[in-house]
Structure formats: structure tokens, C-alpha cells
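*Asks:* Spelled out, the chains give:
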Amino acid sequence: MTVLLETQNVTKIHRPGTRAEVRALDDVSLCVEVGSCVAFTGPSGSGKTTLLALLGALERPSHGQVLFQGRDLRSDSDAELTRIRRKMGFIFQDFALIPSLAVWENITYPLIPRGMSTVERLKLAQSLLGELGLPDKTYERPYELSGGEQQRVSIARALAGRPEVILADEPTSNLDDAAAVELIAVLKKTHAAGTTLILSSHDPRVLAIAETVHRLKSGRLVATDR
Amino acid sequence: MRLFLEIARTGFAALCLHPLRSGVTICVVMSILVPYLAGVGLSHGIRDVAEDSLRFGADLTVTGLRFGRTVPIPLSAVDAIRRIEGVTEVVPRIVGALSLGKNREPAVLVGLPHGRLPKDVKWVQGQFSDSSTLNEFVVGSQLASRLSLEVGSIIPPFYRSAKGERLSKVVGVLAPDAPLWQANLMLTSLETAAQVFDQPDQVTCLLVSCRAGYADQIKTAILRTAAPDSTQGAIRYRVASRRELESLLPSGWLHREGIFNLHFVLGFAVAILAVLVTSGAGLSERRREIGILKATGWQTDEILLRGLVESLLLCCAAASGSVVVAFVWLKWLNGLWIASVFLNGVDAVPGFEIPFRLVPVPVLLAFLISAIVVLSGTLYPTWRAAIVPPRDAMR
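These protein sequence lines map, in sequence, to chains A and B. Here the numbering used here runs 186 ahead of the position in the first sequence, where the first position is 1. Here the numbering used here runs 499 ahead of the position in the second sequence, where the first position is 1.
FYI, nobody ran anything at the bench for these hints, they're computed from the structure. Any given hint might turn out to be false.
Said to hold, decoys possible - Here are the computed lysine to any residue pairs in the SDA-like style, where the Cα-Cα straight-line distance is at most 25 Å:
| hint | chain 1 | residue 1 | chain 2 | residue 2 |
| --- | --- | --- | --- | --- |
| 1 | A | K375 | A | E317 |
| 2 | A | K375 | A | H388 |
| 3 | A | K309 | B | E505 |
| 4 | A | K403 | A | E192 |
| 5 | A | K309 | B | R508 |
| 6 | A | K273 | B | R501 |
| 7 | B | K662 | B | Q698 |
| 8 | A | K403 | B | V824 |
| 9 | A | K273 | B | Q798 |
To be verified - Covered, in the sense of this in silico footprint (three residues per stretch, anywhere, with C-beta under 8 Å from a C-beta of chain A), are these stretches of chain B:
| hint | region |
| --- | --- |
| 10 | 506-518 |
| 11 | 884-890 |
The beta carbon of each residue, even a glycine, is placed where N, CA and C say it ideally should be.
I would like the entire structure built from these sequences, with the hints used as guidance.
*Replies:* Below, the structure is given as C-alpha cells:
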């Protein structure tokens, strides 16, 4: 199998050199293969979100390497990291929707710099919202939606750019049971279509869809279940 | 190009998406630009009126000097100057300050020979009688308004002279749209003015008209002579040409404009702080929004372009709005309050039509100032948020 993402002895230290210094990740090495579904689990503060942020090129490691398709991201410029992020889709724990934008704009805003016209964007958003069961929410604002609906909008945004990998951080933590079940179904469907999934969660239902589960504790990778 | 326009459009949309932030920023910028534009427009208008008055005035203005101080000139000096070659006309004039009414309203009394008084000009309501009648006045619009005077009003005795006290009659009121110098004016005959100030056969200045090319020669001739004064020795003359008076104008206005500009600079500094605070109030929201954009694939320069368009639209809206409001303030609100900053003795609500002229340079400067305030207040925080890692910006 081809390796899509890889970490080699990655360490992340927040606020280094201060009294508030935190070693969020400590010497973590792992790899994610193309088309696989990988999950990270562990107690709060174990470093799951930080590891996901490093894999998603949302920040840089303090030590070690992160490789995307074999390319070391350490020396990449800010602009190059952004170009790499365009190949990824993110689902954030708090949905990270822009409250002032309508649902369809939230879904397709990332496509504006990629040159997609307004008409094409609207069509794409309507199509994705139809697939995710929200066809009548196109012009609503995020704050008019339930948590489950917002998370589905967040998924639609992640899918809109046809990413090679989707990174989802605690995707079910803010959802009720029914919404969580719906979300897991969508994730399964997305994975079945060939998209690589990287998830972080405590939720056993989410972990159940992963082929590999990495367990983290105090920033260290302590176990891997396949 | 299409991509550029599409990103620029999101800048415009961002303006509408945050109406409170945009509105507060525009209001802060307008709060400094409107008084600035109104003040400078008013200053230019006043300067125009002053220049017009000089342009249509006498070639030479002669005043008397004793011990280096200005003193009245005997009326007999008129004939002596009239005899100088090249002089076409000498008009004696009395200009003096007095106060009227129980509130001691300040007024400027101007006395001219009877034949020189305006008989029927368009901005005077009423007219002087043909015969030389003492104690007839034409009063300025603001003074008339303050003292509730109208044509036909009788003014109780307001001066004391050797010839006793007399009632005065208002025979005319200057129209509010007449030039601003009329606001607190009392225009009367030379004889009446001399009686009001109890200075018979004395005038404060002589207005000399010359044949073309003779002004310098006549000035020299006047300076060589001295006015006879039977009681206290001779009086020396001071002669100011039109050009010399014109050269005095800018210094006076620059002084007043300088004080105004100093206040404006303080306002400008406060506005930048206010816009920074406004932006700071919404900074966490802006930072998070920028973090989301970066996380989902927006480049820093694309975010800056979006911010730049938003800022430029804000500054254009603020500057254009300021020009419109300043015009309305001067034209329809007649320089309410601000006219009193530039014109001594003028009420907060001027009783006459104030002159103004909005010129291109301050208007362009307003756009520049607006751009500086808005860009430093909004684009800078955007840039700061755009250069940090997306995860930090989203926190």
C-alpha cells in the first residue's frame, strides 16, 4: 500500500521556554496509507487534536518530520502548506463554520481561491446538501441549524474540494445519539468511496469504523490496534 | 482576473456581513473627516470673500499714525491727497466698534459720504433717503436678528456726544445672503458716524483710487506728506496698497487654519485608536474567521486581498459620506456651530449665509486620511491573523 501521511519522531511543544510549556506530543511515529481509515484515541489532553493538526499541516512540529505523499513538510513555506491543505478536508469538533455566511457559502468558500464560479459553487453546495439530507438549508445561517445539521454542513465543506484525505477531530462529541449515528454513516460512505479517513475520538462507534486505532497517552503513542 | 474579482467580491460581501463593525468604522472616520472638510471649506469660502472685497476695493488705503499707533485723520486731508497727480477719487471712511442693546451686542459701524451709500442694491432691504438725514442706519442681518430690528425700527439713543443724544432709525437691513462682512455691520453716513463717535471732521481711513500705473507713485507722494493737525502736531500716514493687503490675508487665515489643523491632528490620532479598538472588539471573531479560511485552503495573500478590498470600500464609503455630510452641513445647515470657530462674534447658528468652497485637495486628503485610518485599523489586524498558523488563529 502507498503511504499518504507519515510522522517520524514528531514532538510538539506548546509555549516552549516558558513556565507554561506543554509537551503535547512526544516522539510519535506512524503512517497512514492511502484509502485507509485510521483513528486516534486516548484521554483528554493525550495529544489527539495536536497530532491531527500536524498531519493536516495546520501547524508545524517542534521536532521530527511530517511527510505528505513522501514530501517533508518541515521546509515548506506557508503558501506550500496551504496548497497541501487544499488536498485535505477538515471536520472540526466545533464545526468551525463562519456564522455570517449562508450554509452554501460556508460549504464552498474554500473553493473561491480555486477559481470556481458562484453558480458552480451554488450547484455543488446544493448537490452535497441533498446527499447529506439538508436540501432545504441552502440559504440558512449556521446558527439556525441544530448541532447535527451543522456537523453535516462541516462534512459537506470537507467533501466539496474532493479531498484525498479527511481529518475529523472528535466528530461526534457535540452531537446527540441520532445525529452521531447519521454522521458515522456518512463517514462510512465517504470511506467506501475511497477517501482516506483520519479520525480522533473517544466514541467506540467511531473507532469501530477504523481499520487501525492508535492509542495516545500524555502525548506518546502507547498502542496500536489493527 | 476572474479569480481576482471573485476574491475581491468576497471583500465586498465581508463588508455587508459585519454591518456593525463596518458601521462603527465608517462613523469613527466620518466623525473626524466631516468637521475637517467643513472647516477647510468654510476657511476657503471666507478667504474668497476677503479677496473679493480687496479686489473690488480701493487701490490704496490710507490711515493715520502717531507714535506708531493708528489714529484718525482730519477730513481736510482728503483735499490734499485729491490734488496728487493720478488720484481719481478719495473716499473718507469711518470704521469703529461699538456695542448695542442690553446684551452689549458687538457691531461694526461704517460711515461713508452720503453719495457713496448704497441706494438700492439687491442685498439691502430698504434704502437710505436721498437727502442727507442724520441717524439713518442700514444694519447687518445677524445684528438685526439679535436686536430684533427691521426696516422702520427706531433705535433708542445708544451713544453720547457733544451734540446730545438722538433716536436712530433703521432704514435698511442687509440680506442674509449678502457677503459675510455685513453680519454685524451698521452702515450710515459719514456725518452720523462722526457724531456717534463724537469725532467731528475726523475719519479713520481714506480709500484712494488711482489711474492705472500711478499707485506706487501716489503712495510715495502721500508718505512724503503729513496731515495737518491743529491741536497735536502732524499726523504721519500709513499707506497700504491692495497687493500689500492681499499679502496679509494668508497669514491670518493660516494662523486660524493652523489651530484648526492642530485640533484635527489630535482627532486623527484618536480616530486611529478608536478604529483599532473597534477592530479589537471583533478581533477574536476576525482571527477565527481567518483561521478557518487558512485551514480550508485560502492563501495569506488571498486573505489580504479580501481584507484590502473590504478596507478600501470602507474608507471610500467613509470619505464619500464625509464629503456629502460636510456639504450638507455648510449648504443647508449653514455651518451650524463650526462657523463660529472661524468667525469671531458669529453665533452658533449664523444669522447670514456663510461662504464656503470645497476644493479638491482637502477632499483628496480626506480619502487619504480615511485610507490610513481604516487600513491601520483593519488591514493590520487581518495581516497579523493571517500570518499565524491556522490552528492558532482558530483558538
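*Asks:* What are the numbers of the hints the structure violates, in ascending order?
*Replies:* Hint 8 alone not satisfied by this model.
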